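A.B. asks: Here is what each chain is made of, one letter per residue.
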Amino acid sequence: MNPPVLEIKHGAVAYDRPVLRDVNLTVRSGEVVAVLGANGSGKSTMIRAGLGLVPLAEGQVELFGVALRRFRNWQRIGYVPQRLGAGGGVPATVGEVVSSGRLARRGFPGLLRAGDRQAVAKALAAVDLTDRAHDPVASLSGGQQQRTLIARALAGEPDLLVLDEPTAGVDAKSQEAFAQALRDFVRHGGTVLLVAHELGPLQPVITRAVVVHDGVIAHDGAVPHPTGHHAEPGHDHVHPHAPQDPPSIWGRE
Amino acid sequence: MNVNLIEIMSLPFMQRALLGALITGLIAPSLGIYLVQRRMSLIGDGIGHIALTGVGVGLLTGTSPVLTAIIVSTLGAVAVELIRERGRTSGDIALAILFYGGIAGGVFLVGLAPGKGSANLTSYLFGSLLTTSTTDLVTIAILGACVLAVTVGLRPWLFAICQDEEYAKVSGLPVRALNLLLAVMTAVTVTVAMRSVGLLLVSALMVVPVAAAQLVSRGFGGTMTLAMLGGVISAGSGILVSAGYDTAPGATIVLAAIALFILVAAVGAALRRRRRADIGPAAVCDPPECVLDS
Chain A
1 MNPPVLEIKH
11 GAVAYDRPVL
21 RDVNLTVRSG
31 EVVAVLGANG
41 SGKSTMIRAG
51 LGLVPLAEGQ
61 VELFGVALRR
71 FRNWQRIGYV
81 PQRLGAGGGV
91 PATVGEVVSS
101 GRLARRGFPG
111 LLRAGDRQAV
121 AKALAAVDLT
131 DRAHDPVASL
141 SGGQQQRTLI
151 ARALAGEPDL
161 LVLDEPTAGV
171 DAKSQEAFAQ
181 ALRDFVRHGG
191 TVLLVAHELG
201 PLQPVITRAV
211 VVHDGVIAHD
221 GAVPHPTGHH
231 AEPGHDHVHP
241 HAPQDPPSIW
251 GRE
Chain B
1001 MNVNLIEIMS
1011 LPFMQRALLG
1021 ALITGLIAPS
1031 LGIYLVQRRM
1041 SLIGDGIGHI
1051 ALTGVGVGLL
1061 TGTSPVLTAI
1071 IVSTLGAVAV
1081 ELIRERGRTS
1091 GDIALAILFY
1101 GGIAGGVFLV
1111 GLAPGKGSAN
1121 LTSYLFGSLL
1131 TTSTTDLVTI
1141 AILGACVLAV
1151 TVGLRPWLFA
1161 ICQDEEYAKV
1171 SGLPVRALNL
1181 LLAVMTAVTV
1191 TVAMRSVGLL
1201 LVSALMVVPV
1211 AAAQLVSRGF
1221 GGTMTLAMLG
1231 GVISAGSGIL
1241 VSAGYDTAPG
1251 ATIVLAAIAL
1261 FILVAAVGAA
1271 LRRRRRADIG
1281 PAAVCDPPEC
1291 VLDS
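So the sequences go chain by chain: A and B. The letter at position 65 of the first sequence is residue 65 when you use this note's numbering, and the numbering goes up by one with no holes. Basically this note's numbering = 1-based index in the second sequence + 1000.
Worth double-checking, as some hints may not be accurate.
Under the rule of at most 30 angstroms between Cα atoms (straight-line distance), these lysine-lysine pairs were calculated in the DSS-like manner [what the hints assert, rightly or not]:
| no. | chain 1 | residue 1 | chain 2 | residue 2 |
| --- | --- | --- | --- | --- |
| 1 | A | K173 | A | K122 |
| 2 | A | K122 | B | K1169 |
| 3 | A | K9 | B | K1169 |
FYI, nobody ran anything at the bench for these hints, they're computed from the structure. A quick note: this is a predicted structure, and the numbers were derived from the prediction, not measured.
With the sequences and hints as input, model every part of the structure.
C.D. replies: See the structure below:
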């Protein structure tokens, strides 16, 4: 069995009410794990807790076998948030945003070295944005912005990619470009943990699915297949209200 | 007026005033760009309010107002940063209390100080470049060098924490320490600019050159370079105009910065119009990138 790269043991998170209760998750090297669940199920909170962005009320997190508190090898992790950060008051080019993906590897900031520039160029090519490197990110479509964030994570040449809803609200062309970038990353030995509301073109890449429902893990294993009208091609998976009762990612069945 | 201006600018106190203003014009936008990036453009103004309490403490106790202003505004900037970090809605009210408490405290303390009238207060609120001594200038230069070392030297880190704080955390950057460093540098910049444009106009020199640069730049690095250039041009031309017409230097510098902003906006708009006319109306609208699935 491959060594674990991310482990949550008996994790609990509570804001005003409990969001996650006694969650156990182990992601091993080489896996591509999809965390699925309805809006508000706690799936995003779970992976954010795994990165230390949300404090655990109880339990422990280990990254690459090291307790989160003592973990320093952040260059091994590439994080892709749901959307571009709030710091949009000043324009930034795609190249500048992607270059900040090198920070974990660079130590004290100086000029970009040849190796840094190469990694940035490679990451831009992987998401098919090379020709947009000098454009302001704000001028890009939502899907292209998402690809910029993925390129930023890839530029750090991580061993583990953690993605929070990378395909939400992304156009078909960007979804394809993203799926291709992910396939390449996995082929070179990368591990992936991603949160998704629907899998779309990612489905064939996923090796394991974890379903979060109402703060607990309801399923951990094979990717569940959509049934009923969810399986129809072109089905637009939208929950106007997140269902509370059925413990399934596919809504009422 | 030309001969007159050369004569005036040959006076040592005018040269010190010019140098002090140029240093302020260079460093204020280099720090302000991070505040603008965070959409916290008015924070500099608030820290300026708080610094006035520091001035009051200095005048009352007979110590250097610059020193006490740095200490008090640093404490204030750290408090602002801690409020921001919590991200509470009530933080807005907390900032208001802090800022108005700062300016009221300053006016109150200056009133208690023996023999210090309102004229003295005005020189801190609106600047007093013409009375810059050589010692003042050395202080301004040293503090300015510290600010530049941080804002330019640590740019990739500061860019990352202001652009996307959570990502910076997962990159292993010392986010909290960098935020506090940025807060302290804001306080230092405010104190340096207190001399040239005054505490009430500090924020203008931090923000307006950045706003002007953004009109024509595409990236962060370009915006920063242009903003610093714009700050220096505003400070230099402001001093020259104020010397020629005998107006308040601080206010003239700020008006020069705003004039620069309007000029850049007008030229930028004209260029865009011409480019559009050259290409023709057909190319104005790109084909849709994203098509909704049915």
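A.B. asks: With reference to the structure, classify each hint as holding or not holding.
C.D. replies: Okay, the hints, checked on the actual structure:
1. K173(A) to K122(A): Judged against 30 angstroms, a Cα distance of about 19 angstroms means the pair holds.
2. K122(A) to K1169(B): holds, 24 angstroms
3. K9(A) to K1169(B): holds, 22 angstroms
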